[in-house]
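*Asks:* Chains A and B, in that order, give the protein sequences.
Each position in the first sequence, counted from 1, maps to that position plus 13 in the working numbering.
Each position in the second sequence, counted from 1, maps to that position plus 70 in the working numbering.
Reference listing, derived: stretches of chain A covered by chain B, where coverage requires no fewer than 3 residues with Cβ under 8 Å from a Cβ of chain B:
#1 58–68
#2 88–95
#3 106–113
#4 118–130
If you are wondering where the hints come from, they were derived from the structure by calculation, not from laboratory data.
For glycine and all other residues, C-beta sits at the position ideal for the given N, C-alpha and C.
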Amino acid sequence: MSNNVISVRNLVKVYDKVTRALDGVSLDVEEGEIFGLLGPNGAGKTTLVRILTTQIPPTSGEAFILGKSIIEEAERVRELIGYVPQEISVMTDLTGYENMLFYSKLYGVPSSERKRRIENALSLVGLLDKANIVVKNYSGGMMRRLEIAQAIINYPKVLFLDEPTIGLDPSGRKAIWSYLSQLMEEHEMTIFMTTHYMDEADMVTDRLAIINLGKIVAVGTSSELKRSTKLESITIISKFHKEEVKNLLNSLPFVKQIYDGKEEGSVTAYVENAEEAVIEIISTLKENNVDVESLSMNKPTLDDVFLAYAGTKLEETTSALEARKVRRTMQRMR
Amino acid sequence: MIAYIEKVLAMLEVEVRRIMHDRTELYTRAVQPILWIGVFAPVMEKFRVVPIPNITYMEFITPGVLVQSITFVSIFYGLNVIWERDLGVLNKLLVAPVSRSALVIGKALSAGVRGIFQSLIIVLLAEILGVRIVINPIYLLLAALLIVVFCAAFAALSIFIASLLKTRERFMGIGQAITMPLFFASNAIYPINLMPNWLKAVATINPLSYAVEGLRALMITGDLTTVPLDFLVSFVFVAVTIVIASQTFKKIIE
Ligand SMILES: Nc1ncnc2c1ncn2[C@@H]1O[C@H](COP(=O)(O)OP(=O)(O)OP(=O)(O)O)[C@@H](O)[C@H]1O
Ligand SMILES: [Mg+2]
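With the sequences and hints as input, model every part of the structure.
*Replies:* Following this line, the structure appears as structure tokens:
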């Protein structure tokens with residue numbers, strides 16, 4: 014056991030004796046962070062969330078939420094967590110307020126506090142003025158926000174979100190992100206979310222884990238992960254004598270490797286940290302009177318990270334399946 | 071314990087609110103029983119096919135078709151649970167701090183709530199068609215209790231079946247496949263003593279027969295001799311199905 018809010022040790026989940034959805038997953042989530050689980054379709058994201066939220070037992074391994082075992086102390090764990098499933102799971106035949114009322118009762122919110130908490134939660138996600146509309150008539154993004162409001166009705170310590178922005182248009186996704194960050198400011202909690210969107214993992218999460226075929230292949234902040242690919246580089250184009258430029262660059266301690274660039278007179282230097290390196294490189298070149306025509310910084314994307322660790326591109330594995338999944342999600346909303 | 075009851079009540083409240091928001095299903099489901107009572111029964115009566123002392127054939131089958139109707143309502147709850155699983159609603163319920171048995175009881179009693187509304191409509195229409203209902207508040211309350219218990223039992227049975235079948239496709243046909251044979255192999259539309267022996271045996275172990283018998287006594291004849299046994303059988307039926315369904319319930323999401 015540890016002080017981490019979530020700690021996962023060697024989780025394995027085998028469905029129907031054949032599908033190894035999780036293949037020895039271990040990770041730790043610290044207090045107050047937004048932790049992202051990034052992976053393509055079928056990577057095992059939902060499976061992990063379902064195990065951590067006590068819906069299904071793992072085949073082997075263990076996990077703790079605030080020190081409580083998700084296997085032996087499932088009932089206690091349920092009191093500590095909030096959960097938004099991957100599917101849009103609001104009751105569409107009731108109003109937003111009625112949905113909230115039901116969950117507030119299910120979570121045992123005292124009757125004297127119900128109205129206030131429901132109104133707070135609804136206004137936090139910008140739905141207070143839509144509270145008495147039957148949810149059928151909500152947009153997909155509004156339904157998602159209602160679900161988030163529901164999930165925080167009991168002030169959970171840990172909030173699990175399974176692909177919270179799937180099927181939403183860019184503005185709907187941005188709205189969810191901003192509500193989430195507002196949420197983090199107003200309540201002390203830890204968020205564990207899954208996603209297969211690069212930009213979401215990049216912008217929303219504090220730390221993330223990359224999961225592929227049931228295995229965690231990398232963990233860290235998005236910049237740590239990018240850096241760890243060792244793909245940060247600076248490319249300089251200059252009419253100056255090329256060998257001279259190379260020598261100058263080579264004299265700098267942080268330059269790892271130097272290659273000739275594709276273009277005429279270009280040199281690419283691989284470095285530890287491109288932002289810091291660029292300043293020193295410019296001043297060194299200046300000191301030696303090297304005329305620089307252009308200089309560009311190349312930073313790896315999470316795509317590069319995914320390629321480096323999982324051996325495939327995330328986008329390729331996702332697109333077709335995603336289209337299908339989005340359609341499915343939308344159908345269910347009808 | 072109080073918390074437990076509150077959570078079950080919250081589920082019932084949702085069911086009532088659902089009914090309030092959309093009542094069309096209650097009306098469409100009333101069509102079939104009304105055809106039995108308003109069309110089938112008078113024809114049978116005319117030819118005196120089924121001899122029954124003291125009451126009209128229409129009155130005889132009213133509790134029968136009522137029970138058939140609420141059986142249909144209840145057997146639909148398992149499908150409903152699978153549907154909710156596919157929507158993620160069920161997953162959310164299972165993550166809430168609510169025991170599995172409270173969820174099953176909540177679902178089962180929700181069927182009871184809907185069954186009551188359904189019965190009210192059918193009874194009112196039957197009364198209009200000329201069925202003489204015993205107007206005794208205690209009898210009617212007992213009848214309502216029997217309806218709730220019976221609906222809860224069938225809903226729990228249905229949830230148990232759903233936890234075995236797991237998919238909507240497989241469950242689809244099962245409603246008809248279970249309710250129709252139970253209906254015909256019961257005392258719903260003909261008295262047990264007119265049946266061939268093998269059917270008599272089936273009807274005797276058919277829980278539907280006891281619900282029909284109890285309701286017929288409380289609503290039509292006012293002769294309560296069989297009522298204690300009818301309640302006993304129904305309570306045992308509901309206890310067994312709820313215990314079993316609570317055990318298997320969480321398998322639906324695995
Ligand atoms: N209930 C189940 N029974 C059998 N196999 C399952 C079940 N749920 C998931 N799987 C399989 O386990 C693997 C992981 O699925 P999971 O849903 O956890 O992936 P995911 O990362 O959430 O994918 P997605 O992005 O599509 O939601 C997949 O191969 C999937 O087909
Ligand atoms: Mg998933």
